[in-house]
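With these hints in hand, go ahead and build the complete structure from the sequences.
Here the protein sequences line up with chains A and B, keeping their order.
According to this note's numbering, the first sequence is numbered sequentially starting from 562.
According to this note's numbering, the second sequence is numbered sequentially starting from 23.
The set of hints was computed from the structure by calculation and includes no laboratory data.
Keep in mind that this is a model prediction, so the values were computed, not measured.
Glycine residues also receive a C-beta, built at the ideal position from the N, C-alpha and C atoms.
Any given hint might turn out to be false.
[As the list claims (entries may be wrong)] Chain A is faced by these chain B residues, among others (derived, beta-carbon under 7 Å):
#	residue
1	69
2	72
3	92
4	131
5	134
[To be verified] Beyond 10 Å from chain B on every Cβ pair, some chain A residues (computed):
#	residue
6	563
7	573
8	577
9	578
10	581
11	587
12	603
13	630
14	643
15	651
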Amino acid sequence: KAGVTQTPRYLIKTRGQQVTLSCSPISGHRSVSWYQQTPGQGLQFLFEYFSETQRNKGNFPGRFSGRQFSNSRSEMNVSTLELGDSALYLCASSLGSGAENQPQHFGDGTRLSIL
Amino acid sequence: AQTVTQSQPEMSVQEAETVTLSCTYDTSESNYYLFWYKQPPSRQMILVIRQEAYKQQNATENRFSVNFQKAAKSFSLKISDSQLGDTAMYFCALANAGGTSYGKLTFGQGTILTVHP
Chain A
562 KAGVTQTPRY LIKTRGQQVT LSCSPISGHR SVSWYQQTPG QGLQFLFEYF SETQRNKGNF
622 PGRFSGRQFS NSRSEMNVST LELGDSALYL CASSLGSGAE NQPQHFGDGT RLSIL
Chain B
23 AQTVTQSQPE MSVQEAETVT LSCTYDTSES NYYLFWYKQP PSRQMILVIR QEAYKQQNAT
83 ENRFSVNFQK AAKSFSLKIS DSQLGDTAMY FCALANAGGT SYGKLTFGQG TILTVHP
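Put into structure tokens, the structure is as follows:
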């Protein structure tokens, strides 16, 4: 069974641009969560989607958004990029949305660098 | 709000020896799940072990076991017979079972474990 696939693996952008990251969950998994990982802040939850609906959201500005498609694939978008958005963005999938459907399985992440 | 604290930024151990990584947490929920994840330099987060809070018995997975002390809100990971491949950053994480915690894992700051030959 294929794991969680994130594309692209690396991305370099400049301040003010926008970016879209993609995540394909494990087949049969309907919940997709996104996390931001930085050396200073560690791993922080961005949002979670289940059946194309955002069920939970972390404490991030509105520049961070996402969506989920009918095949459970998910995208996250960051607009008006700032230097502080440089991070590893991790996507994780699980069977369902509740904790009883854990664990989450993670992708390799997208390393976003802002110049 | 829930919090997870790992007080050991770095640990080292000799190959074949045993090491214990510490984790404390706080949550107002009565039902929750605790996890240890491993992130090697290749950066993919890999699940090591999982514990359901309502289960008294400590979880074990081969060389990995936990000491879950619910009253003390402590969840330590013991790695026996350490191997070079265990070198990684280890994260303790919490997921609440109820409320509005859908899909959310709360992570500790991580412990870098180095296994020396």
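message: Flag every earlier hint the structure violates by its number, smallest first.
response: 3, 5, 12, 15
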